[in-house]
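**Q** From just these sequences and the hints, can you work out the full model?
Protein chains: 2
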Amino acid sequence: MKNKQFTSNEQQSLTEIIYHRRDIRGNNFLNAPIPQPILDKILDAAALAPSVGLSQPWEFVIIRDQQTKQSIADNHREENEHAEQAFKDDKKALYRQLKLEGIKESPINIAVFYKPNTQPTLGQNSMPEMGEYSVVCAIQNMWLTARSLNVGIGWVSILNPEKVKATLNAPQENKLIAYLCLGYVKEFLEQPELEMLNWHKRQPLQIIDEKY
Amino acid sequence: MKNKQFTSNEQQSLTEIIYHRRDIRGNNFLNAPIPQPILDKILDAAALAPSVGLSQPWEFVIIRDQQTKQSIADNHREENEHAEQAFKDDKKALYRQLKLEGIKESPINIAVFYKPNTQPTLGQNSMPEMGEYSVVCAIQNMWLTARSLNVGIGWVSILNPEKVKATLNAPQENKLIAYLCLGYVKEFLEQPELEMLNWHKRQPLQIIDEKY
Chain A
1 MKNKQFTSNE
11 QQSLTEIIYH
21 RRDIRGNNFL
31 NAPIPQPILD
41 KILDAAALAP
51 SVGLSQPWEF
61 VIIRDQQTKQ
71 SIADNHREEN
81 EHAEQAFKDD
91 KKALYRQLKL
101 EGIKESPINI
111 AVFYKPNTQP
121 TLGQNSMPEM
131 GEYSVVCAIQ
141 NMWLTARSLN
151 VGIGWVSILN
161 PEKVKATLNA
171 PQENKLIAYL
181 CLGYVKEFLE
191 QPELEMLNWH
201 KRQPLQIIDE
211 KY
Chain B
1 MKNKQFTSNE
11 QQSLTEIIYH
21 RRDIRGNNFL
31 NAPIPQPILD
41 KILDAAALAP
51 SVGLSQPWEF
61 VIIRDQQTKQ
71 SIADNHREEN
81 EHAEQAFKDD
91 KKALYRQLKL
101 EGIKESPINI
111 AVFYKPNTQP
121 TLGQNSMPEM
131 GEYSVVCAIQ
141 NMWLTARSLN
151 VGIGWVSILN
161 PEKVKATLNA
171 PQENKLIAYL
181 CLGYVKEFLE
191 QPELEMLNWH
201 KRQPLQIIDE
211 KY
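Which chain is which? The protein sequence lines are A and B, in order. The working numbering puts the first residue of the first sequence at 1, with every later residue one more than the last. The working numbering puts the first residue of the second sequence at 1, with every later residue one more than the last.
What the hints contain is simulated information worked out from the structure, not anything from laboratory work. Heads up, a few of these hints could be off.
Same chains, same label: a pair holds when it works inside one copy or across any pair of copies.
[Claimed, not checked] Below are the SDA-like pairs computed for lysine to any residue, each with C-alpha atoms no more than 25 Å apart in a straight line: (1) Lys115 / Lys186; (2) Lys41 / Arg22; (3) Lys41 / Gln12; (4) Lys91 / Asn125; (5) Lys211 / Asn174; (6) Lys4 / Arg202; (7) Lys41 / Gln11; (8) Lys211 / Ala73; (9) Lys99 / Asp65; (10) Lys211 / Tyr184; (11) Lys104 / Ala93; (12) Lys104 / Arg77; (13) Lys104 / Lys211; (14) Lys175 / Pro116; (15) Lys4 / Phe188; (16) Lys41 / Glu10; (17) Lys115 / Glu210; (18) Lys4 / Glu16; (19) Lys115 / Glu132; (20) Lys201 / Gln119; (21) Lys163 / Glu210; (22) Lys175 / Pro120; (23) Lys115 / Gln85; (24) Lys91 / Ser71; (25) Lys163 / Asn9; (26) Lys115 / Asn125; (27) Lys99 / Ser71; (28) Lys163 / Gly26; (29) Lys41 / Asn9.
The model shown is predicted, which means the values in this text are computed figures rather than measured ones.
**A** Next comes the structure, spelled out in structure tokens:
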């Protein structure tokens, strides 16, 4: 299928999937298991992401064990107690009410790591972060593919990444890029929850013509 | 369209788009202009990306000017001369033959910046890189949307990012995440070019069960 041309219907499908993707938190996950072929499809999409110099510098830890999840949830609770201190007054009160993760409520967690190459990597000399960015491209492929399979993903970033590595016995050189919670959901909200709660509004894109 | 459920046809469209996305270089761009509504669709997809705490920390510079492109191309040439030194023997010879960018051959370049928030951002306390990662999610949305519109994108990372900022008069606090080249293409290759040239092979995903 060389040089495939996509139709406007196929284009529209992608736009809808992008539009309806949401970050899913604990109050919205169902306890239903994710069948292995569905999980495989989500992971296959990661493998097709762009990566700098085709280095594919990613590793995925699939977590179902309750004890492991509890350790990650404890890590989150501790970091979240620090995090709320940054906010003041109304924002702090709202922050405290937010449920920001679904570690224990989701059937599958996936820790996604950047594994640095030991050899020089094409395209990574001037911008060393390109390896991490490749892993993020893989995660976005997973997120959209999950949504198209009506599976929700939540990205938990309020975690001490070194403690996550310790919990998972991850090699020292690995860097945690994302901790994802996957599961079927009660609903995909019409808008991002933080928009509905007026935490932030959607802004028009900042587009600069030619130069600042 | 609350809680939209996608069909297997819609799911399949996404998989095909992900499968047929390629990184496009200079020998493959057509000189045909990109109509504004097509460019708008690609940018609209960026605005719908996930971002940490809904911070939307992205800015986009649209570049069509030949002089600006020449300055970026000079930046690339200089960095690329350094870069090739990292490779030895056969790899170095192959590296020298590769055309790794399409800065001047593509009708539109887009510099994508991370603009750090001046306020604390929900979800960015423990993992400060989350702001940059949000911008990468936006880029992957753009890349897939472009492909679905049969428009190619190449991500140029062999650039001195500080010199790119100087060329574009970018604010000091901004960080260059990606320099993208956009245009219609002669062909979307069946495999990544680096795979066809045996630079690297596609590897099976490293999937770890529960713990390392």
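**Q** When no copy is named, should Lys163 and Gly26 be tagged within, between, both, or neither for a Cα gap of at most 25 Å?
**A** Answer is within; shortest intra-copy Cα gap is 21 Å, inter-copy 44 Å.
**Q** Check Lys211 against Asn174 for me: Cα-Cα at most 25 Å, and say if that holds within a copy, between copies, both or neither.
**A** Between copies only: 13 Å across chains, 37 Å inside a chain, cut-off 25 Å.
**Q** At most 25 Å between CA atoms: does that hold for Lys115 and Glu132 within a copy, between copies, both, or neither?
**A** both (9 Å within a copy, 18 Å between copies)
**Q** Please work out whether the CA atoms of Lys163 and Glu210 approach to 25 Å or closer within one copy, between two copies, in both situations, or in neither?
**A** Result: close only across copies, 15 Å inter versus 44 Å intra.
**Q** Using 25 Å as the alpha carbon limit, work out where Lys99 and Asp65 are close: within a copy, between copies, both or neither.
**A** within (21 Å within a copy, 47 Å between copies)
**Q** Classify it for me, Lys104 with Lys211: is the Cα-Cα distance of at most 25 Å met within a copy, between copies, both or neither?
**A** between (47 Å within a copy, 17 Å between copies)
**Q** Could you figure out if Lys115 and Glu210 sit no more than 25 Å apart (CA to CA) within one copy, between two copies, both or neither?
**A** between (36 Å within a copy, 17 Å between copies)
**Q** For Lys104 and Arg77, with the copy left unspecified, which applies at a CA distance of at most 25 Å: within, between, both, or neither?
**A** For Lys104 and Arg77, the Cα distance is within 25 Å only inside one copy (12 Å; across copies 50 Å).
**Q** Since the copies are identical, ignore which copy is meant and state whether Lys99 and Ser71 lie within 25 Å (CA to CA) inside a copy, between copies, both or neither.
**A** Intra 18 Å, inter 48 Å, cutoff 25 Å: intra-copy only.
**Q** Cα distance capped at 25 Å. Does Lys115 pair with Gln85 within a copy, between copies, both, or neither?
**A** between (33 Å within a copy, 23 Å between copies)
**Q** Which holds for Lys41 with Gln11 at a C-alpha limit of 25 Å: within a copy, between copies, both or neither?
**A** Both: 20 Å inside a chain and 10 Å across chains, each within 25 Å.
**Q** At most 25 Å between C-alpha atoms: does Lys104 with Ala93 qualify within a copy, between copies, both, or neither?
**A** Close inside one copy (24 Å), not across copies (52 Å); limit 25 Å.
Checked against the numbered hints above, the structure violates hints 1, 24 and 25; every other hint is satisfied.
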